[in-house]
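Chain X with the ligands: place on chain S using the hints.
So the sequence lines, in the order shown, correspond to chains S and X.
Counting with the numbering used here, you get residues 1 to 271 for the letters of the first sequence.
Counting with the numbering used here, you get residues 272 to 567 for the letters of the second sequence.
Simulated from the structure, these hints should not be mistaken for laboratory data.
Heads up, a few of these hints could be off.
[Unchecked claim] Ranges between beta-carbon positions, derived for each pair:
1) R301/X - D264/S: 49 to 59 Å
2) T387/X - I101/S: 49 to 59 Å
3) G364/X - K91/S: 53 to 63 Å
4) R301/X - S135/S: 50 to 60 Å
5) R392/X - L76/S: 13 to 23 Å
6) S196/S - S311/X: 33 to 43 Å
7) D95/S - A558/X: 45 to 55 Å
8) I416/X - V98/S: 46 to 56 Å
9) N31/S - G403/X: 47 to 57 Å
The beta-carbon is built from N, C-alpha and C at its ideal position, and this holds for glycine as well.
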Amino acid sequence: MPIVDQQMTKQTSPNSNPPVRKDFLAAKDFNFFYGKKQALYDINIEIPERQVTAFIGPSGCGKSTLLRNFNRMNELIEGVRHEGDIRLLGKSIYDKSVEVISLRRSIGMVFQKSNPFPKSIYENVVYGLRISGQSKKSTLDEAVERSLRGAALWEEVKDRLHESALGLSGGQMQRLCIARAIANRPKVLLMDEPCSALDPIATVKVEELIRELKKEFTIVIVTHNMQQATRCSDETAFFYLGKLIEFDRTQKIFSNPSEKQTEDYITGRFG
Amino acid sequence: MDNIGTHSLDFFELDHNENTKAMGRSLTNRILTGICVTLSLLTMIPLISIIVLLLKNGLPLLSASIFTELPPAAGMTGGGFGNAIIGTLVMVGLGLAISTPVGILSAIFINEYSQTSRLSRAVRFVAKLLTGIPSIICGVFAFAIVVLPNQTFSAFAGGVALSVLMLPTILLTAEQALMGVQNAYREASYGLGATRFQTIVRVVLPDALPAMMTGIMLAVARAAGETAPLIFTALFSQYWASSLNEPTASLAVLIYNFSTVPFPHQVSMAWTASLVLVAFVTIANVAAQTIFARKN
Ligand SMILES: Nc1ncnc2c1ncn2[C@@H]1O[C@H](COP(=O)(O)OP(=O)(O)OP(=O)(O)O)[C@@H](O)[C@H]1O
Ligand SMILES: [Mg+2]
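This is chain S alone, in the form it adopts within the complex (with noise of 0.2 Å):
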């Protein structure tokens, strides 16, 4: 039985999940450079267990730099920098014990372009499993079942699984892209725009799916897409130009946000 399913039998509304943690995942003064470039200033968040944070702000104000520190992806970028530091429930994912392999499998990444790998559907999904060393077969048909569900992609293509992810639509890539990561029973989920190349239809599916998988699993969404912000989103985090300008209930910065930088972009007026 899928975990997405188990919870929304146990819990009918989404207020009566267990109690958060406010700071789940945290950066503290935290710095990068590409270089000599610095990209982001003096970062402080605190992103709250089991909701979904979305980072807002206009191109190239370091929302994916950002995301991408929190598995250490950027680290895969020659030359590049950091100060401060990034806490995944308390302790730092730098510490020397943390393991940067084990670090990104319970963080898991959703990207903009989806980019399932040229093989089955099902090797895809298995994709993480199968580098951690587990090769028994029911294992693996649990975990494509599992987490195929949890994508809300199983019903389209149970009966395909072996064949290949490529011939697949956008929208049913993008979801096989976030089956593949919640197979490796991630605690949290960053997702860098990930329906910006999605028609409006399958973008529908990915914010509702979005919506289900906050009861298990903290997510932080890049996106330039205020609706979405708005719909699928419980905190919002402004950035602009390497800044985290504002971070607030998400309700509270659409309707009265604090900074006047914050209206000027939810307005439209730059970016």
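What follows is chain X with the ligands alone, placed relative to chain S:
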């Protein structure tokens, strides 16, 4: 190139005047296409005439015994060049066995591990230089490091010479193949917690393999036909080789030897050997392409 979409847009949205311009453009387009087609047909002429010539001169002597018998002595008729076929296969195989792992591992190193390090740049530079080195130098090199110390011409020395000849092609095409793998795949793999090694083995290599195969086939095609590196290293033999450490016949050297003697039978055999050589290379090429086309 203009695509169909823009053309139909032109016709829908532009006024009459623009319409004639569009027609003018499509005329130019057609003329250019015509020129391109003609030129590409012209490039096929040498290729086709070679094949016609090979078939015309090589077919008469083609028979089963050509593949199983030893070369005839000077002035004699009959015989075949079975030993040369095996020699070529063995030496090209040896060359591949050396150059493929070295070339692909180097390409992985310079593209996946340290793209901009000084060592990578040096490897890339040397490989590019090596592609321009005349094949005879590869022969001289293998002569110096294998034939002289061993005191004998050998298939092994021939294989070494061919591996030097093949290495830069294999390395550089493998690097291109790796560069052709979408970065999005690597990101997805790292994002799921894969190590670099896992990413290379499970995602990058499978995707790059068909393009790498093309490079390997190019190298084989070139090496199989080279005479110069083998004259200094494997030399030639009238007999079946019983080890890798003795002078060994090859198709290329046989063609070279037989085409320069005054005996018509030998000259004719050189044509047949050329035909067989070309057929081998073509078959290997097509086989590799279909195997990898089917896998994807
Ligand atoms: N690999 C890189 N090397 C150097 N600079 C980079 C690199 N990636 C991003 N930057 C720079 O860092 C800054 C922040 O970029 P980032 O991609 O985080 O912005 P973003 O908010 O995600 O923008 P967008 O909305 O367009 O995706 C930009 O000025 C960008 O040019
Ligand atoms: Mg971005």
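Can the suggested window of 46 to 56 Å be confirmed for the beta-carbon pair I416/X and V98/S? Holds - the Cβ-Cβ distance for I416/X and V98/S, about 49 Å, lies within 46 to 56 Å.
Using the C-beta atoms of R301/X and D264/S, is the stated range 49 to 59 Å upheld? 54 Å, holds
Is the distance from the Cβ of R301/X to the Cβ of S135/S consistent with 50 to 60 Å? 58 Å, holds
The hint says 53 to 63 Å between G364/X and K91/S; measuring C-beta to C-beta, is that right? 55 Å, holds
Tell me if the beta carbons of R392/X and L76/S are separated by a distance inside 13 to 23 Å. 20 Å, holds
Could you see if the CB distance from D95/S to A558/X stays within 45 to 55 Å? 53 Å, holds
Given the hint of 49 to 59 Å, is the C-beta distance from T387/X to I101/S inside that range or not? 24 Å, violated
Within 47 to 57 Å or not, the Cβ separation of N31/S and G403/X? 48 Å, holds
So does S196/S sit 33 to 43 Å from S311/X, Cβ to Cβ? For S311/X against S196/S, whose Cβ atoms are near 41 Å apart, the range 33 to 43 Å holds.
Checked against the numbered hints above, the structure breaks only hint 2 and satisfies the rest.
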